[in-house]
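A.B. asks: Using the sequences and the hints given, assemble the complete structure.
Heads up, our numbering is the position in the sequence shown plus 1, with the first residue counted as 1.
Derived by calculation from the structure, the hints in this document are not laboratory data. All of these numbers come straight from a predicted model, not from anything done at the bench. Take these hints with a grain of salt, some might be off.
[Claimed, not checked] Once the Cα atoms are required to be at most 25 Å apart in a straight line, the calculated SDA-like pairs of lysine to any residue come out as:
no., residue 1, residue 2
1, Lys180, Leu159
2, Lys144, Leu159
3, Lys84, Ile111
4, Lys84, Leu159
5, Lys180, Ala166
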Amino acid sequence: MADTKLVEGKVALVTGAGRGVGAEIAKMLGANGAKVIVNDLGGTEAGEGEDQMPAMETVKAIRDAGGEAEANFDSVADNAAAKGMIDQALDCFGHIDIVINNAGNLRDVIFHKMTEDDWDAVINVHLKGSFNTSSAAAAHFRKQESGAFVHMTSTSGLIGNFGQANYAAAKLGIVGLSKSLALDMSRFNVRSNCIAPFAWSRLIGSIPIHDEVQKARVEKLKQMTPDKIASVAVALASDAAHDVSGQIFAVRNNEIFLMSQNRPLRGMHEGAGWTPQSVIEHAFPAMRPNFYPLERSQDIFSWDPV
2 MADTKLVEGK VALVTGAGRG VGAEIAKMLG ANGAKVIVND LGGTEAGEGE DQMPAMETVK
62 AIRDAGGEAE ANFDSVADNA AAKGMIDQAL DCFGHIDIVI NNAGNLRDVI FHKMTEDDWD
122 AVINVHLKGS FNTSSAAAAH FRKQESGAFV HMTSTSGLIG NFGQANYAAA KLGIVGLSKS
182 LALDMSRFNV RSNCIAPFAW SRLIGSIPIH DEVQKARVEK LKQMTPDKIA SVAVALASDA
242 AHDVSGQIFA VRNNEIFLMS QNRPLRGMHE GAGWTPQSVI EHAFPAMRPN FYPLERSQDI
302 FSWDPV
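C.D. replies: Quick look at the structure:
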């Protein structure tokens, strides 16, 4: 158990907590004094099927360490089920203080081959799921005038990646959701932040390996264990981070980065008004030095994790 229990007496919902990052967050919350609703549908990487064992294993680990936890096996994509998760927290532990939106799936495919089902399956779990659980908790957070949301975003959305239009759109949408929650609920002392995790998980393990470069990158990813993410998530969920809201953090092994947010880089004024031709002849050339290249996460984070 932790020496200083940062979330002593708090009640947390952690979605997708049967394995990987979610399981480590749930266990670290428990070790720091929180009572935890461990949600996991137990589906495959693509979100198919159901298995209660992953959630039960996390619950057992928390209980074996002296903590309190209950399992939930529903899908965050179901709005009524998400409300049921919050109701379960209230029924079992009396209140809700922390929501960690971690549940996820992948349907990676190059965009021109992506189906509507590929799109909906990922958007419904990541983005709609994060809305569902946050919405279910919001009224309780407002009433008690406290609460913390922590959402998982991704550099696939913040920076870019091949074959992940559905995932990238969902993860960047979560950034907008988090910022709106932070703004709308700040008057009630409710905070909302995002984490972009670099960690080995079964979702990362499903990435196809086509060459030696990709193989080497995957081997480096295996060094980045989920517990590194958990430390930041628990810190953000604690009252000690009362002044941290609306931020995006990337966590990469022993590195923590505060990520930038969209702000104007350069502006131009044309008193006579812009025409399509003058935009092409003047605006684009002036702004071109500040254009962002088509980079992916590994182009920006090009050094080995430390």
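A.B. asks: For every hint, state whether the structure bears it out.
C.D. replies: Evaluation of the provided hints:
1. Between Lys180 and Leu159, the direct Cα distance comes to roughly 14 Å. Compliance with the 25 Å bound is thereby established for this hinted pair.
2. Taking the CA atoms of Lys144 and Leu159, the gap is near 33 Å; set against the 25 Å cutoff, the hint is violated.
3. As the CA atoms of Lys84 and Ile111 are separated by approximately 34 Å, the hinted pair breaks the 25 Å bound.
4. With a CA separation close to 29 Å, the supplied pair Lys84 and Leu159 exceeds the 25 Å bound.
5. For the suggested pair Lys180 and Ala166, the alpha carbons sit about 21 Å apart, so the restraint of at most 25 Å is met.
The structure fails hints 2, 3 and 4 (numbered hints given earlier, in ascending order).
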